[in-house]
Amino acid sequence: MKRMVSAIVTLSFALAFLVLPAFAQETVKVGIILPITGEKAKFGEIEKKSFEMALEEINAAGGINGKKLEFLLEDDTGRPDVARSAAEKLITKDKVVMLGGGYGSSETFAIAGVAQQSRIPFLVNTGSDDKITEKKWEYIFRLNPPVSEYPKGLESFLTEVVKPKTAVILYENTNFGSSGSKEFKATCERLGIKVLMMEGYEHGGVDFKPLLIKVKQANPDLVYMISYLMDASLLMRQSLELRVTPKLFVGGAAGFTLPEFQKNAGKASDMVYSATLWYQTLPYPGAQKYFDDFKKKFGVDTEYHGAEAYAAAFVIADALKRTKSLGPEDVRQALAATDMMTVFGPVKFIAYDTMTNQNKLPTYLVQWIDGKLELVWPKNVASKPYVYPIDWEKIWK
Amino acid sequence: MEVFIQTLVAGILMGGIYALVGLGMTLIMGVMKIVNLAHGQLMMIAMYITFVLFDHFHIDPYFSLLVSMPALFLLGAFIQKYLLNPLLKVDSILPENQVLMTVGVGMILTEIVRFIFQSDYKSVKTSYSFSTMYLGTISFNTSMVVAFCIAVLLTGGLFFFLARTDVGKSVRATAQNKDAALLMGVNAEWITILTYGLGAALVAAAGTLLLPIYYLFPDVGGRFTLKAFVITILGGMGSTVGAIVGGVFLGIAESLGATYISMALSDAVGLVIFLLVLIFLPGGLKKLTKI
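Protein chains in written order, with the working numbering: chain A, 1 to 397; chain B, 1001 to 1291.
Everything labelled a hint here was simulated from the structure, so no lab data went into it.
Even glycine gets a Cβ: it sits at the ideal position worked out from N, Cα and C.
It is possible that some hints are incorrect.
As the list claims (entries may be wrong) - With a straight-line cut-off of 30 Å between C-alpha atoms, the simulated DSS-like cross-links for lysine-lysine are: (1) A:Lys163 with A:Lys297; (2) B:Lys1089 with A:Lys394; (3) A:Lys297 with B:Lys1122; (4) A:Lys267 with B:Lys1122; (5) B:Lys1178 with A:Lys394; (6) A:Lys135 with A:Lys95.
As the list claims (entries may be wrong) - What follows is a list of derived Cβ distance ranges for each label pair: (7) B:Phe1115 with A:Arg190: 27 to 33 Å; (8) B:Leu1087 with A:Lys136: 45 to 51 Å; (9) A:Lys394 with B:Phe1063: 30 to 36 Å; (10) B:Ile1059 with A:Val9: 54 to 60 Å; (11) A:Lys384 with B:Leu1275: 49 to 55 Å.
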C-alpha cells in the first residue's frame, strides 16, 4: 500500500514537471525601471498603472507577433545607485531585450550609462535632463521632450499675454531641477525678462520660508518653480502663508500637475500654472480614451507622466514587432526607425540641436482652476480660458 | 530688517520642535549612555498614529497627543525592556552595542510601516492648516505657534519631573553615575525602561506637532535622528537645558543660513556647527554653564 502511494506521488510530481514547461511559454522580456517606493513613488505608480494597462491591450491584440510581451518591473526607489543596480540586474540576470521607464533624471542618466555600456537599447519616457540625449549614445532613445523645452508652451503665453519684466527661479537641487532652471534662465534672458533670483533647495525641506521671504522682498512678476510633489505643495502653502504675490506662479511640470498636488496644497494650488507635456483633449487619437479608461479602471485622474508611459509601451511593442531579431543591435535599429502616432503624440527619433535619438514635441500650459487641472494655452487646444490677471486676495481668502 | 525678524521667528518656532526631538535623545543618552539611532523612526511611528487617528476617526492632531505620547511611551519601554536591557546582561556584548540594536529596531519599524502604508506621502489638512497670524507684517504659522507653545509646556513638565519628583531625581542620579545610584537603592533597570519610554514619548509629541506642517512617509525619520544627534552634541550629552538651547539654536542657525547663505545649504549649516562644536567645545554648551 505504502509503495503504491509513493509511486503515485512520484509519478504526479514527474507529470507536473513535464506539464509545467508547456505552460511557461516563451515571452519577450522588457525591463521597466520606475520609482515604486520612495519619494517619487506617486509618479512611479501612475506610470506603472499605465504600463500595465497598455500591456494588457498589447497582449490582447496578439502580443509581439504571437509571443507574449512581458514587463519586468524594477524599483529604483528614486535613487541613482539603486537604478544602476536595477538596470544591471535586468540586463545580466533577466536578459531583457531592452529597457524602458526612467522617471527621475538622475536615475535615468545612471540607467542610460549602464544601457549604453552594455549595448542594450533603452527607451526613456520621462527623465528629462537634456544631458541624457546629448551624449551621442546610440542605444538611448527618448520619447519625451527634454526639460529645456518644457517652458516652450509657456513662452508664447508670456510674450503675448503676461509680458513680465522680472522673474525668480526656485529649483530642487537635482539633475532635473538644476538643468531645468539653467534652461529657463536662458529662456528669460532671451525674452528680455530679468532674473532677480535663482536659488536651489534641498528636497524634503520642512521650512521654505527663508527662501520665500527673499522672494517676497524681490517682488518679481513671475515665480517659476521646478519641484517634485511634496516640495511643490509646501512651497505653495508657505507662499500663501507669507502672502507672496507675484503676477503668476508657474510650475515646471513634475509635481505641479499631479492630482496629489491639489489635494495636498488645497487652496494654495489654485490659479497656479504649470508647463505640461500632454493633456487629454489634445487631438491625438486615443488620448481622451486613455484618460477615460484610466479613470474607469483606477478611479483617479492620470496626467502627462501616465501618457508618456502608456505611449512608450506601444512604441516598445511596435519596435519589437518590426525588429529582425531580438538581438540588441536589431532592436536598436528597429527603435531608430520608429515613425508612429501615440496618445502622447507622434514619435520619431531625430537628431536636432545638440541631441540625438530625441523625439520632438510641443509643450503646453495648464492651470489649476477651481481644483481642476485645465489646459489653457495655446488657445486653440484650451479646455478652459486662462485666468489672468489673478486677484490673490480673493483666491486666498 | 523685516526679513531678519521673519527669519528669526521661523527659526525659533522650528527650534521648539527640534528641542523636543533633541530632549528625548539627550535623556536616553544621559541615562543609557547610548545613541538612540531609532529616534527618528519612533517619531515616524507617532506621526503615522496621528495620521490614522485623523484620517479614520477625524481626531485633531493636537488631541492625538494624548494617544501618541502614551503609545510611544509604551513602545519605548517595551523596546528597552525586551530588546535593549537583555543585551546588557550578556557579558560578552559591550554596552555600546545597544546602539546597533537601535539601528535594527529603526529599520524594522520603517519597513513595517512601509509594508502597511506603502511609500506614499501622506499629509493632514485641518481647518487651521492655512491660518496664519500676523503681527504687523510678520507672519506666524498658527500650527507652528501652537506646536511651540505645547513644546514649551512639555519641556516645563519634564523639568518639573526631573527636578522635583523622586522618580525624576532617580533618573538624574542614574545618569550621573549608574553604580552609585544602584548602591543608593535606585532600581536602575526600571529607570532605564522609564527613560527610554519618556524619550520616545517626547519625540512622539514632536512628531504629532509636526504633522500638520510637514508631510509623512516611511523614511521621514532619518533626517530627524540626525538633527537630534546634532542638538544633543551641541547641547551636551545628557543636558536637558543644553538640548533646549541647542534645539532653538539649530532652528535659528538653519533659518538664518537658509536666508543669508543659501537654502540649498541649510542642512549643511547644522552640520558645520556640529563640526565646530566638536572641535572647539567638545562638551557642548553644557560646558559653558554648570547645569
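Here's how the hints hold up against the structure:
The hinted pair formed by Lys163 (chain A) and Lys297 (chain A) fails the criterion: a straight-line CA distance of about 42 Å is larger than 30 Å. Only pairs whose Cα atoms come within 30 Å are accepted, and Lys1089 (chain B) paired with Lys394 (chain A) is rejected, the gap being roughly 66 Å. A hinted pair counts as satisfied when its Cα atoms are at most 30 Å apart, and Lys297 (chain A) with Lys1122 (chain B) qualifies at roughly 23 Å. Between Lys267 (chain A) and Lys1122 (chain B) the CA atoms are separated by roughly 17 Å; this keeps the pair inside 30 Å, and the hint holds.
A hinted pair counts as satisfied when its Cα atoms are at most 30 Å apart, and Lys1178 (chain B) with Lys394 (chain A) does not qualify at roughly 63 Å. Of the pairs offered as hints, the one joining Lys135 (chain A) and Lys95 (chain A) holds, with about 25 Å between alpha carbons and a cut-off of 30 Å not exceeded. The hinted window of 27 to 33 Å between Phe1115 (chain B) and Arg190 (chain A) is violated, with their beta carbons roughly 50 Å apart. Checking the proposed 45 to 51 Å range against Leu1087 (chain B) and Lys136 (chain A) shows it is violated: the Cβ atoms sit about 57 Å from each other.
The hinted range of 30 to 36 Å is satisfied by Lys394 (chain A) and Phe1063 (chain B), whose Cβ atoms lie roughly 33 Å apart. Distance hint check: the CB atoms of Ile1059 (chain B) and Val9 (chain A) are about 57 Å apart, consistent with the given range 54 to 60 Å. With their beta carbons about 54 Å apart, Lys384 (chain A) and Leu1275 (chain B) fall inside the hinted range of 49 to 55 Å.
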